[in-house]
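There are 6 protein chains.
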Amino acid sequence: MNDIKRALFIGRFQPFHNGHMYAITQILNEVDEIIIAVGSAQLSFYVNNPFTAGERVEMIRLALLEKNISPTKFWIIPVPDVNNNAIWVSHISSLVPHYSVVYSNNPLVKQLFKSANVPVKPIPLVERSEFSATKIRQLMIEGKKWEHLVPKSVAQYIKKIQGPQRLKALLMKDE
Amino acid sequence: MNDIKRALFIGRFQPFHNGHMYAITQILNEVDEIIIAVGSAQLSFYVNNPFTAGERVEMIRLALLEKNISPTKFWIIPVPDVNNNAIWVSHISSLVPHYSVVYSNNPLVKQLFKSANVPVKPIPLVERSEFSATKIRQLMIEGKKWEHLVPKSVAQYIKKIQGPQRLKALLMKDE
Amino acid sequence: MNDIKRALFIGRFQPFHNGHMYAITQILNEVDEIIIAVGSAQLSFYVNNPFTAGERVEMIRLALLEKNISPTKFWIIPVPDVNNNAIWVSHISSLVPHYSVVYSNNPLVKQLFKSANVPVKPIPLVERSEFSATKIRQLMIEGKKWEHLVPKSVAQYIKKIQGPQRLKALLMKDE
Amino acid sequence: MNDIKRALFIGRFQPFHNGHMYAITQILNEVDEIIIAVGSAQLSFYVNNPFTAGERVEMIRLALLEKNISPTKFWIIPVPDVNNNAIWVSHISSLVPHYSVVYSNNPLVKQLFKSANVPVKPIPLVERSEFSATKIRQLMIEGKKWEHLVPKSVAQYIKKIQGPQRLKALLMKDE
Amino acid sequence: MNDIKRALFIGRFQPFHNGHMYAITQILNEVDEIIIAVGSAQLSFYVNNPFTAGERVEMIRLALLEKNISPTKFWIIPVPDVNNNAIWVSHISSLVPHYSVVYSNNPLVKQLFKSANVPVKPIPLVERSEFSATKIRQLMIEGKKWEHLVPKSVAQYIKKIQGPQRLKALLMKDE
Amino acid sequence: MNDIKRALFIGRFQPFHNGHMYAITQILNEVDEIIIAVGSAQLSFYVNNPFTAGERVEMIRLALLEKNISPTKFWIIPVPDVNNNAIWVSHISSLVPHYSVVYSNNPLVKQLFKSANVPVKPIPLVERSEFSATKIRQLMIEGKKWEHLVPKSVAQYIKKIQGPQRLKALLMKDE
Numbered sequence: 031m032n033d034i035k036r037a038l039f040i041g042r043f044q045p046f047h048n049g050h051m052y053a054i055t056q057i058l059n060e061v062d063e064i065i066i067a068v069g070s071a072q073l074s075f076y077v078n079n080p081f082t083a084g085e086r087v088e089m090i091r092l093a094l095l096e097k098n099i100s101p102t103k104f105w106i107i108p109v110p111d112v113n114n115n116a117i118w119v120s121h122i123s124s125l126v127p128h129y130s131v132v133y134s135n136n137p138l139v140k141q142l143f144k145s146a147n148v149p150v151k152p153i154p155l156v157e158r159s160e161f162s163a164t165k166i167r168q169l170m171i172e173g174k175k176w177e178h179l180v181p182k183s184v185a186q187y188i189k190k191i192q193g194p195q196r197l198k199a200l201l202m203k204d205e
Numbered sequence: 031m032n033d034i035k036r037a038l039f040i041g042r043f044q045p046f047h048n049g050h051m052y053a054i055t056q057i058l059n060e061v062d063e064i065i066i067a068v069g070s071a072q073l074s075f076y077v078n079n080p081f082t083a084g085e086r087v088e089m090i091r092l093a094l095l096e097k098n099i100s101p102t103k104f105w106i107i108p109v110p111d112v113n114n115n116a117i118w119v120s121h122i123s124s125l126v127p128h129y130s131v132v133y134s135n136n137p138l139v140k141q142l143f144k145s146a147n148v149p150v151k152p153i154p155l156v157e158r159s160e161f162s163a164t165k166i167r168q169l170m171i172e173g174k175k176w177e178h179l180v181p182k183s184v185a186q187y188i189k190k191i192q193g194p195q196r197l198k199a200l201l202m203k204d205e
Numbered sequence: 031m032n033d034i035k036r037a038l039f040i041g042r043f044q045p046f047h048n049g050h051m052y053a054i055t056q057i058l059n060e061v062d063e064i065i066i067a068v069g070s071a072q073l074s075f076y077v078n079n080p081f082t083a084g085e086r087v088e089m090i091r092l093a094l095l096e097k098n099i100s101p102t103k104f105w106i107i108p109v110p111d112v113n114n115n116a117i118w119v120s121h122i123s124s125l126v127p128h129y130s131v132v133y134s135n136n137p138l139v140k141q142l143f144k145s146a147n148v149p150v151k152p153i154p155l156v157e158r159s160e161f162s163a164t165k166i167r168q169l170m171i172e173g174k175k176w177e178h179l180v181p182k183s184v185a186q187y188i189k190k191i192q193g194p195q196r197l198k199a200l201l202m203k204d205e
Numbered sequence: 031m032n033d034i035k036r037a038l039f040i041g042r043f044q045p046f047h048n049g050h051m052y053a054i055t056q057i058l059n060e061v062d063e064i065i066i067a068v069g070s071a072q073l074s075f076y077v078n079n080p081f082t083a084g085e086r087v088e089m090i091r092l093a094l095l096e097k098n099i100s101p102t103k104f105w106i107i108p109v110p111d112v113n114n115n116a117i118w119v120s121h122i123s124s125l126v127p128h129y130s131v132v133y134s135n136n137p138l139v140k141q142l143f144k145s146a147n148v149p150v151k152p153i154p155l156v157e158r159s160e161f162s163a164t165k166i167r168q169l170m171i172e173g174k175k176w177e178h179l180v181p182k183s184v185a186q187y188i189k190k191i192q193g194p195q196r197l198k199a200l201l202m203k204d205e
Numbered sequence: 031m032n033d034i035k036r037a038l039f040i041g042r043f044q045p046f047h048n049g050h051m052y053a054i055t056q057i058l059n060e061v062d063e064i065i066i067a068v069g070s071a072q073l074s075f076y077v078n079n080p081f082t083a084g085e086r087v088e089m090i091r092l093a094l095l096e097k098n099i100s101p102t103k104f105w106i107i108p109v110p111d112v113n114n115n116a117i118w119v120s121h122i123s124s125l126v127p128h129y130s131v132v133y134s135n136n137p138l139v140k141q142l143f144k145s146a147n148v149p150v151k152p153i154p155l156v157e158r159s160e161f162s163a164t165k166i167r168q169l170m171i172e173g174k175k176w177e178h179l180v181p182k183s184v185a186q187y188i189k190k191i192q193g194p195q196r197l198k199a200l201l202m203k204d205e
Numbered sequence: 031m032n033d034i035k036r037a038l039f040i041g042r043f044q045p046f047h048n049g050h051m052y053a054i055t056q057i058l059n060e061v062d063e064i065i066i067a068v069g070s071a072q073l074s075f076y077v078n079n080p081f082t083a084g085e086r087v088e089m090i091r092l093a094l095l096e097k098n099i100s101p102t103k104f105w106i107i108p109v110p111d112v113n114n115n116a117i118w119v120s121h122i123s124s125l126v127p128h129y130s131v132v133y134s135n136n137p138l139v140k141q142l143f144k145s146a147n148v149p150v151k152p153i154p155l156v157e158r159s160e161f162s163a164t165k166i167r168q169l170m171i172e173g174k175k176w177e178h179l180v181p182k183s184v185a186q187y188i189k190k191i192q193g194p195q196r197l198k199a200l201l202m203k204d205e
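Residue numbers (the numbering used here), protein chains in the order written: chain S, 31 to 205; chain F, 31 to 205; chain L, 31 to 205; chain C, 31 to 205; chain V, 31 to 205; chain B, 31 to 205.
Isolated chain S (complex conformation) (with noise of 0.2 Å):
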């Protein structure tokens, strides 16, 4: 049990698209296991934040299994936030299994991480332009292509519970 080398990847994944799934399929060339750790857990039904913890969940395994990576490789867990970054490694690592290294490129991640002594990788990225969350939930609110950009099963879970009728209601604020 010692020898499992695991890695934690921490995102808001809203949603899940296929930018992450590259992420995961390479760190997972360079570990064992992999947390998937779903942060801001307690936002959802906002424009920037339309999906709640559970729904991201499960679009993250549907995702992971249409790729044939096996379960006992990767652990999904949603993470709430905490207003202060001073105690932000500690409550998650409160929260997921052990872990002996992150990936991620957000600097104040890589900050945290490090003067906690825990080693920090970069993501390995792709195509990033194309692959955003914030360009995908865009090309949702407009009704434009979006699904070529998500999983196939994902496109799926988000089109069953209405996800682009959601973040347009969402959007037509009204004071």
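Hints were generated in silico from the structure; no laboratory data involved.
Glycine residues also receive a C-beta, built at the ideal position from the N, C-alpha and C atoms.
One or more of the hints may lead you astray.
[Claimed, not checked] Quick list of in silico lysine-lysine cross-link-like pairs, DSBU-like style, CA-CA up to 35 Å:
id	chain 1	residue 1	chain 2	residue 2
1	C	K174	C	K190
2	F	K140	S	K165
3	C	K97	S	K97
4	S	K140	B	K165
5	V	K198	B	K182
6	S	K151	B	K189
7	C	K190	L	K198
8	V	K97	B	K182
9	F	K35	L	K140
10	B	K189	V	K151
11	V	K190	S	K103
12	F	K189	B	K144
13	C	K103	C	K35
14	F	K174	F	K144
15	B	K140	F	K198
16	C	K175	V	K140
17	V	K190	L	K140
18	F	K198	B	K151
19	V	K140	V	K103
20	C	K140	S	K189
21	L	K140	V	K151
22	L	K140	B	K140
[What the hints assert, rightly or not] Part of the chain V face toward chain B, derived, beta carbon under 8 Å:
id	residue
23	G84
24	V87
25	L95
26	T102
27	S123
28	V126
29	P127
Following the hints, position chains F, L, C, V and B against chain S.
Showing chains F, L, C, V and B alone in chain S's frame:
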């Protein structure tokens, strides 16, 4: 008791104005009683939220009594925010008497209540651009006439608690 | 408006009973209006706090109207707890209309309001051992008669929402 | 996807033991998938709550894989407490995938889900007095045998993280 | 600056007494500076936590100056509780200056700091049964002599803020 | 003890600079002691709030000792934010020693303390545009000279904890 039709009407009422008054009058044509939920109850002494929940409760009752609406027909209940939309309907429902319909024009509110199987109806609006809390606060800040946009008793009350002075002071930021 | 004498009366009202009713009647002999603050508003579905704030607001209004107390003479406002006694007076004051006197027999409440320079007067009590919310909940649990200890309309309301059944269910703990 | 029958099973799992294992096996005879919600996720390093949510997630997965339960049939999700029972069902529902039935023997849990129109079924129990987390923690504290009451992989894991030593240390209170 | 040896000493100090004074004197024989963290800073006006954090900060400084301890050798910092032990070390560390050793006899505290790789040393104790904050509060409540158990300046300060009267009032529960 | 005149001075001190130093020196000409409340204590590792409360406490004490201000004349106390302005004065008052005057130029702060009957005096300012924490953080980010804007000991301390590097890292956002 089972036959009473009660509506839920949610606002921040910073301050309560003639547009709110009109909506309440119209809603009371359709239902027996109205619950007026005073949202963001924990916020006060901000430029966008100058009045405490207690002050807002007081100005709303003054206005409704001024219009000779029977106090047996309305409930005024402060409701603090929660940071998680997914629990918001449960939160508000635990603080107010039972209701059977919600009046709202806010897309998020409509979506959240609909997914909780609560019927939602649109708020009857009148001359909306005139009756806007944002505009009224702006007029107070600029020292212009705002009193004609709110019920007479509300204008009196806001003057008594020196509302315009409070707003002007809050505006003068100096880091 | 300045001449109105308004009292603050705080309780949990789990449930509202004849002792509360008596106290309110007595207080209304001494002041013009009474604010009934429904404390621990966030608690419900516990053995010691079975009813939601909304249910308590509703049963209190039913009781006061049953006694022909004019609804222009009372305010019923839910107030959630804060975990810091030092801020409690400010917290409650921000949620209710302005008041000039507090009625309480609780030593902590008396001390906190006195140190905030708010006059505190004792609550007029009657047959205290009979009219106790704790005792009434116990009678409900034991399936004994409790209805005579609360106003008639409160008894009706509690039966309608199946209060005794709720209490019995909550009691059956099973780790 | 619509035809999957998914059950929600909630516990604190301090620690996960053979009684939990038995219940999960039985529930999986009745449904397709089970969501194991790890409650009180924010509590750890207390005598009654010694293990972090991450440690509990890890021991549960070890146990289920040991019993050859396919990881496609279960979800393990940490859920922090909320202090307001009235919002608890919404809170938990926002953190886990969609479910259609809850298994619980706890009267409060049963009542809360029933009033949210979620069907509740009883947890199949076996030799309950033997398999109790409270009893297991007590045995650890007393230095007696406890390993036979939990799955083998859980016993190994608890020893690896020095669970009994942690518990004994937590017990030695000295104000 | 790097050569300063700084110790962290945590207590609730309800009130600060001669046992605390003795411990601080002894610790200052071993280190250059001591950080006195005033725990449960958010609690006050409870029978077990009668004094505010500000009052406790003030009484501690009075006591240390009375003993001619140079104010360049100590820091007094209020620290509110967090409900999650797993983040407690990070939380306290973000509120106080850097330290290199913790003095504590509390098993939980020792365990949490050790697992964060902070050295922990035992607090030097003297005549423990005599010097106990619980006992001192009890003596105040019973109207007996307590002044000899605390530094002279602390006794003066507690009398000035009418501490014993506050405690007695808090004790008289009613409802 | 009653004759001590104590002032409250509130800031975020991100970082502490010569303008703060000047204000404190001037205030100490008018009062016996100054309480320096370190606001937003829970924030750190943000571009606008890079330093922890503990780091800010430490740099303030270094600066005051550098200017030969006696440590018996000042108190440095971290104060976390509350999200409700109406309780803010009570909150801060519970965390700091008793004070009789507040120094502030912030309109909200002035209004809140005035309505709590605390006298408020203006902060003496000097060359304000030069001495601005926002400007100093900007200079750090741009790699320009900032050291002359803060006390020498603060510059040393910030370099020791690699403050400018932290700020630059925090700036590099990447979704």
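Do the hints match the structure? See the list:
With a C-alpha separation of about 17 Å, the suggested pair C:K174 and C:K190 falls inside the 35 Å cut-off, and the hint holds. For the given pair, F:K140 sits about 25 Å from S:K165 by alpha-carbon distance, which is consistent with the 35 Å threshold. Between C:K97 and S:K97 the CA atoms are separated by roughly 25 Å; this keeps the pair inside 35 Å, and the hint holds. For the hint pairing S:K140 with B:K165, the CA-to-CA distance comes to about 26 Å; that is within 35 Å, so the pair holds.
This hinted pair does not check out: V:K198 and B:K182 have alpha carbons roughly 51 Å apart, beyond 35 Å. Under the criterion of a C-alpha separation no larger than 35 Å, the hint pairing S:K151 with B:K189 is consistent with the structure, at around 26 Å. In summary, the hint linking C:K190 to L:K198 is not supported, as the alpha carbons are separated by about 43 Å, beyond the 35 Å threshold. Among the hinted pairs, V:K97 with B:K182 is consistent with the structure: their alpha-carbon atoms are about 32 Å apart, no more than 35 Å.
Of the supplied pair hints, the one linking F:K35 and L:K140 is violated, its CA atoms being roughly 41 Å apart against a limit of 35 Å. Among the hinted pairs, B:K189 with V:K151 is consistent with the structure: their alpha-carbon atoms are about 31 Å apart, no more than 35 Å. Restraint check: the Cα-Cα separation between V:K190 and S:K103 comes to about 65 Å, which exceeds 35 Å; the hinted pair is violated. Restraint check: the Cα-Cα separation between F:K189 and B:K144 comes to about 18 Å, which is no more than 35 Å; the hinted pair holds.
For a cut-off of 35 Å, the pair hint linking C:K103 to C:K35 stands: about 11 Å separates their Cα positions. Under the criterion of a C-alpha separation no larger than 35 Å, the hint pairing F:K174 with F:K144 is inconsistent with the structure, at around 41 Å. The hinted pair formed by B:K140 and F:K198 meets the criterion: a straight-line CA distance of about 13 Å does not exceed 35 Å. Straight-line distance between C-alpha atoms of C:K175 and V:K140 comes to about 26 Å, which keeps the hinted pair within the 35 Å bound.
Restraint check: the Cα-Cα separation between V:K190 and L:K140 comes to about 20 Å, which is no more than 35 Å; the hinted pair holds. Between F:K198 and B:K151 the CA atoms are separated by roughly 19 Å; this keeps the pair inside 35 Å, and the hint holds. Straight-line distance between C-alpha atoms of V:K140 and V:K103 comes to about 24 Å, which keeps the hinted pair within the 35 Å bound. Taking the CA atoms of C:K140 and S:K189, the gap is near 32 Å; set against the 35 Å cutoff, the hint holds.
Straight-line distance between C-alpha atoms of L:K140 and V:K151 comes to about 44 Å, which puts the hinted pair past the 35 Å bound. Distance check on the hinted pair: L:K140 and B:K140 sit about 29 Å apart at the alpha-carbon level, within 35 Å; holds. A distance limit of 8 Å between C-beta atoms decides the matter here; for V:G84 the minimum to chain B is near 5 Å, and the interface restraint holds. Hint status for V:V87 relative to chain B: holds, with the closest Cβ pair at about 6 Å, below 8 Å.
A cut of 8 Å between beta carbons decides the hint on V:L95: the least distance to chain B is about 7 Å, and the hint holds. A least Cβ separation of about 6 Å between V:T102 and chain B falls short of the 8 Å threshold, and the interface hint therefore holds. Checking V:S123 against chain B by beta carbon gives a least distance of about 7 Å; that is within 8 Å, so the hint holds. Because the smallest distance between the Cβ of V:V126 and any Cβ of chain B comes to about 5 Å, under 8 Å, the interface hint for this residue holds.
For V:P127, the suggested interface contact is upheld, since its CB lies about 4 Å from the closest CB of chain B, less than 8 Å.
The structure is inconsistent with the numbered hints 5, 7, 9, 11, 14, 21, although it conforms to all the rest.
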